[in-house]
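Asker: Given the coordinates of chain Z, work out where chain W should sit on it, guided by the hints.
The listed protein sequences derive, respectively, from chains Z and W. To convert, note that position 196 of the first sequence is 196 in the working numbering; the numbers rise steadily by one, no gaps. To convert, note that position 200 of the second sequence is 1200 in the working numbering; the numbers rise steadily by one, no gaps.
Honestly, the hints are just simulated from the structure, not real lab data. Just so you know, even glycine gets a beta-carbon here, dropped at the ideal spot from N, CA and C. No incorrect hints appear here.
If we take Cβ atoms under 8 Å as the criterion, some of the chain Z residues that face chain W in the derived model are:
hint: 1; residue: ASN28
hint: 2; residue: GLN137
hint: 3; residue: GLY242
hint: 4; residue: SER289
Looking from chain W toward chain Z, a few residues come up when the C-beta cut is under 8 Å (computed):
hint: 5; residue: ALA1065
hint: 6; residue: GLN1235
hint: 7; residue: GLY1257
hint: 8; residue: LYS1282
hint: 9; residue: ILE1286
Lysine to aspartate or glutamate pairs mimicking EDC-like chemistry, simulated, CA-CA at most 16 Å apart:
hint: 10; chain 1: W; residue 1: LYS1361; chain 2: W; residue 2: ASP1340
hint: 11; chain 1: W; residue 1: LYS1216; chain 2: W; residue 2: ASP1184
hint: 12; chain 1: Z; residue 1: LYS115; chain 2: Z; residue 2: GLU204
hint: 13; chain 1: W; residue 1: LYS1119; chain 2: W; residue 2: GLU1094
hint: 14; chain 1: W; residue 1: LYS1265; chain 2: Z; residue 2: GLU154
hint: 15; chain 1: W; residue 1: LYS1265; chain 2: Z; residue 2: ASP155
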Amino acid sequence: MKLGGPVVMLGLLIVQHGFPKFLQTLVNSVALGSLYALIALGYTLVYGVLRFINFAHSDVFAVGAWLSFTFATAFGWVATSSPLWGMPLVLLLVMAACALLGVTIEILAYRPLRKAPRLNVLITAIGVSLFLQNVGQLSSVFGTQPQRMPSLIEDRSLFTIAQVHIRLVDVTVIALALALMMALQWMVFRTRLGRAMRAVSFDEKVASLMGINVNRVVTITFAIGSALAAAGGLLFALKYEGLKQTADATWVLLGLKAFVAAVVGGIGNVRGAVAGALLIGVVEVFGASYLSPHMRDVYVFVILIVVLLLKPSGILGKAVREKV
Amino acid sequence: MGWRRSFSSLGLLGLLALTAVGGAGCDKFGGKKKPAGDPAGSASAAPETGAIVVGHFASMTGSEATFGQSTDKGVRMALEERNAAGGVKGRKIEVKTLDTASKASEGGTVVTRLINNEKVVALLGEVSSSISIAGGQVAQKLGVPMVSPSSTNERVTKIGDMIFRVCFLDSFQGYVMAKFATDDLKVTKVAILYDQQQAYSKGLANDFKTAFVGMKGVITTEQAYSGGDPDVSAQLQTIKTSGAQAIYMPGYYTDVGNMIRQARKLGIKEPFLGGDGWDSEKLTEIGGADIEGSYYSNHYSFEETRPEVQDFVRKYREKHGQVPDGLAALGYDAARILFDAMDRAPSLGGKDLAAALAATKAFAGVTGLISIDVNRDAQKKAVVLQIKNGKPAYVTSIAPPDAAADAPKPLVSPEPAADPAAAPAAAPAPESTGAPTTRATPPPAPVKAAPAGGKTGTEMKASDDPDEGGQ
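Only chain Z is shown next, with the shape it has when bound in the complex:
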């Protein structure tokens, strides 16, 4: 019963505008949603463990995209000359580099404030964000000129359904994002480290009494979140090749939408972040495609408002009762 409405709407969309447009829009929206998901996971992981929003996360994502460019050009690869293992190599390098960056930020900026009020940490996060944006602009770092990311994966269509070319880059984005999310899911719910993370998230003090090294868990959380953002950065750069400088609004806006996705899905919830991100991607791209592109950001934030009104803990979040 509950599914009736959406199914009818979907049928109407397909009948009215034709199947090719629908399919193309679906591919675009899922690819965009996967990118949001990779960023959203970083927000949600850090929030789950530390209960604070890491506003510098979107800048780590930007650094990830720019480092991908730096590595790829350092190897001297351009449009077609990159070997098959080029993309995985850059992926590993950039994930490692950003994990290191995330850990550094955590140790230098956030750890000294572990006992301070939340607001202090929040403001520090904004400071870190500004720092990364502006250091990225230095000509000795990434500079202010936009750059073209070398195509590490061949630019061709993989197969064609109903005149719609399904491109290799879109498939790579979706597949890689999916694989990383599944790995994270396995890690959080099937390993000792994941159990430790969940324990710290549940109650930091008790967790430390049980012999869990809280600082180590927090550091690893930052490393994982930043590595995922870096992977997102690389995939973003492969899909949208013209990279804008680190202080550009693009990065902040992407980060903001990913943050919305994390909140919509239920912040602190890994599966929720993915669900929220896909929902945001679908609503944004379908809205822009079938309604009006003028308001695509509006659709995203309308979803946020609706979810916060109807289910403040997010679509997959659990209501938390305050202990009195």
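Answerer: This is chain W only, laid out in the frame that chain Z set:
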């Protein structure tokens, strides 16, 4: 160029901090100067010996940093040449460049600092129209002449009699591409894709539309994007099915490069058309092979054979190892026109200097013969370029329509409606019946463009006239 987003949307705190700093600056300096509203006042405070200081406010950092950096390179080249030739009135010139960080909120603060602390006699800047307007208001109030190298939005020089520019306006640029599409490309159906967060892009899209429809063209669909949104597949999908023969995309080069790549991937094969926001080496770098064959209007072409152009391009290449873009050329021209006016002016006081600037006629600049008209705007040709083998190749020049160039306009026109005198002269008979009497409210005339400055309307009329006496 046009208005740019003035904030990098980094949350409330960043903005709060900025306003706090900006506010403090204004109180401290602006408050003291306000009584000396006499235009010559602040200039007379400048020392009579030593170097003459000229201020340049530019986006040296931030999202439009490339624009400010290019312009500053052009300005400094003009400066070096002038000083090597003995400076102005026997004194050396010094240019102080202050950064606006691509933020309109910084424009006023930076200009206040330049005038009150650095004691500049004149100002150069900005590229972005929104920052030029913020800075221009301060310059006008303190009576210091300002020359904007490349702010194309109409409102910039309407601030007052101290504000000048050496580039053409957006309305002209829209007309240029419409005329080119109609006469040269022979297309009648065009789709528009513009950046809805940039008044520059939005305005240019509108100016193009008005001109193109006036030439019996059809706009198949108008789609919008936001500069921050990398994904425009939805808009492109609609454009693809709209049956357009060409796509007008008045955005900035990074977005344009990205969007054209996406468009080709979706199977769109039609040519793309654009404006001066495309002007950067990065356009072809990002767009790659996909952008080949597209056209855009610009202030100059480095391929032009005029000696001014070839001289400038050669010297710039020697110094910076790259081909100068339009912004560098405009920065160079703006500075040279200012130095020329400083030389001619009886004194370096604000009023004398402004009068000398206003008297600039047929100045042989890199970006063409520049004459400052009664609205303190530049009358000049625009060029149309085509991307060929990864380089913008010169295609043709298009001159301003005669009627618009020669229409008499009042010297100080604080609002667009102050043009009634021009409207009947340029566009006579039925359309303009209401124009001479209604100053503030344009009549709901059937010809929508005519009362709004008379400009777009008259341009469209004059477009039928093949006489090219614009320069």
